[in-house]
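Now for the letters of each chain:
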Amino acid sequence: MKIFLTTLFIAFIFNQIVFCFDKNNNNVKSGVKNHYQLLNDIRMQDDPEFFDVDFTPRKTKALVLSFLVPGSGQTYLGDELKGMGISLAFYGTALSAIIAHNNAQGREDRIKVLTQDYNTKGNYNDAEKVWQTILGEKENRDNDYDRRSIFTWLAVGVWLYNIVDVIFLTGDQGENEFSHNNNSIFNFNFMEHNNFNGIALKLNLP
Amino acid sequence: MKNIFTTILLFLAGSFYLNSCGKAEDIISPTHYSRVPRAVNLSISYDTTSTGKYLVMINWAVESTNNLKDFEIYRSVNNSNFFFLFGGMTSANYVDSSLANTSDYSLAYFVNGRGIDRFVGQSSDTIKISVTKSF
Chain A
25 MKIFLTTLFI
35 AFIFNQIVFC
45 FDKNNNNVKS
55 GVKNHYQLLN
65 DIRMQDDPEF
75 FDVDFTPRKT
85 KALVLSFLVP
95 GSGQTYLGDE
105 LKGMGISLAF
115 YGTALSAIIA
125 HNNAQGREDR
135 IKVLTQDYNT
145 KGNYNDAEKV
155 WQTILGEKEN
165 RDNDYDRRSI
175 FTWLAVGVWL
185 YNIVDVIFLT
195 GDQGENEFSH
205 NNNSIFNFNF
215 MEHNNFNGIA
225 LKLNLP
Chain B
1348 MKNIFTTILL
1358 FLAGSFYLNS
1368 CGKAEDIISP
1378 THYSRVPRAV
1388 NLSISYDTTS
1398 TGKYLVMINW
1408 AVESTNNLKD
1418 FEIYRSVNNS
1428 NFFFLFGGMT
1438 SANYVDSSLA
1448 NTSDYSLAYF
1458 VNGRGIDRFV
1468 GQSSDTIKIS
1478 VTKSF
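These protein sequence lines are chains A and B, in that order.
Using my numbering, the letters of the first sequence correspond one by one to residues 25 to 230.
Using my numbering, the letters of the second sequence correspond one by one to residues 1348 to 1482.
Treat the hints as calculated values from the structure; they're not laboratory data.
Ideal Cβ placement from N, Cα and C applies to all residues, glycine included.
The reader is advised that the hints may include incorrect statements.
Pair ranges (Cβ atoms, derived) [claimed, not checked]: (1) B/Asn1388 x A/Leu159: 23 to 33 Å; (2) A/Arg82 x B/Ala1360: 27 to 37 Å; (3) A/Val137 x B/Leu1432: 45 to 55 Å; (4) A/Thr139 x B/Gly1399: 47 to 57 Å; (5) B/Asn1413 x A/Asp170: 24 to 34 Å.
I would like the entire structure built from these sequences, with the hints used as guidance.
Below, the structure written as structure tokens:
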């Protein structure tokens, strides 16, 4: 997991360096250009690049929201499904990590109680039984700690992806709840109208 | 962009810190395996007494006498359950002369070492013998 995250991080830095290098090269090469090259330059300016982020107020607000609650920024920008998925993934992995941690702590306490019991045993057979139970609990506890580590790093990965996604990969689909759902026949959404909040249904008749 | 990467790095550092909380504690080392020496190399033989009883002789050895107070011996007759036969022997042998020489028996024995701290150690291997009455 650590290797994956490190690779992801290095890949982003590498990408950024390559993009900067390309941009510099383009500037250096630009001497006298014919009209095809000029037209191409104009077209290139219109194509947004991966790191060309326009931090509009909505985008900035989405970033803040995603920073605090993963997935909420995507939902705010209009991509509800993606937002829901990221939220579920983050809270699912985080909750699993917390449960694994809790289980590990419980087993830690049980090992302490078993150790006290072990120390009071007066013969080999009873001591051996308690010792085998301690070993079993230790194995379960170590597995719980491993699970905690895995789910913690998964949660970190989801959070990082959430930040990258809300900055670079999720476009703003506008304030109107139905602005991006024009193709389907039946639409369903939550809406605010005047001072009322409610469920809105939309039928797109052919 | 710089602020974003700083935030991400801070988040990663926080995660490293949180993940290092509650590390697994080491468990104790087991003491019961070597607390009292175990009786090994059991040997058994039998004879009959002039008073009409079996004389079953059991010998064993121990690798050390650390924390060793005495021994106790258990017996099974004709594949029944093992019962406590005798305790408090300080030497590594025992003579069982409690069975009358009137029928055949299938006998089995094992020995436990008992520590100065009253801990009863690991049982020895079981040793078996069949005794037959003399005509």
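Hint check results:
{"no.": "1", "hint": "B/Asn1388 x A/Leu159: 23 to 33 Å", "result": "holds (29 Å)"}
{"no.": "2", "hint": "A/Arg82 x B/Ala1360: 27 to 37 Å", "result": "holds (30 Å)"}
{"no.": "3", "hint": "A/Val137 x B/Leu1432: 45 to 55 Å", "result": "violated (36 Å)"}
{"no.": "4", "hint": "A/Thr139 x B/Gly1399: 47 to 57 Å", "result": "holds (54 Å)"}
{"no.": "5", "hint": "B/Asn1413 x A/Asp170: 24 to 34 Å", "result": "violated (39 Å)"}
In summary, the numbered hints that this structure violates are 3 and 5.
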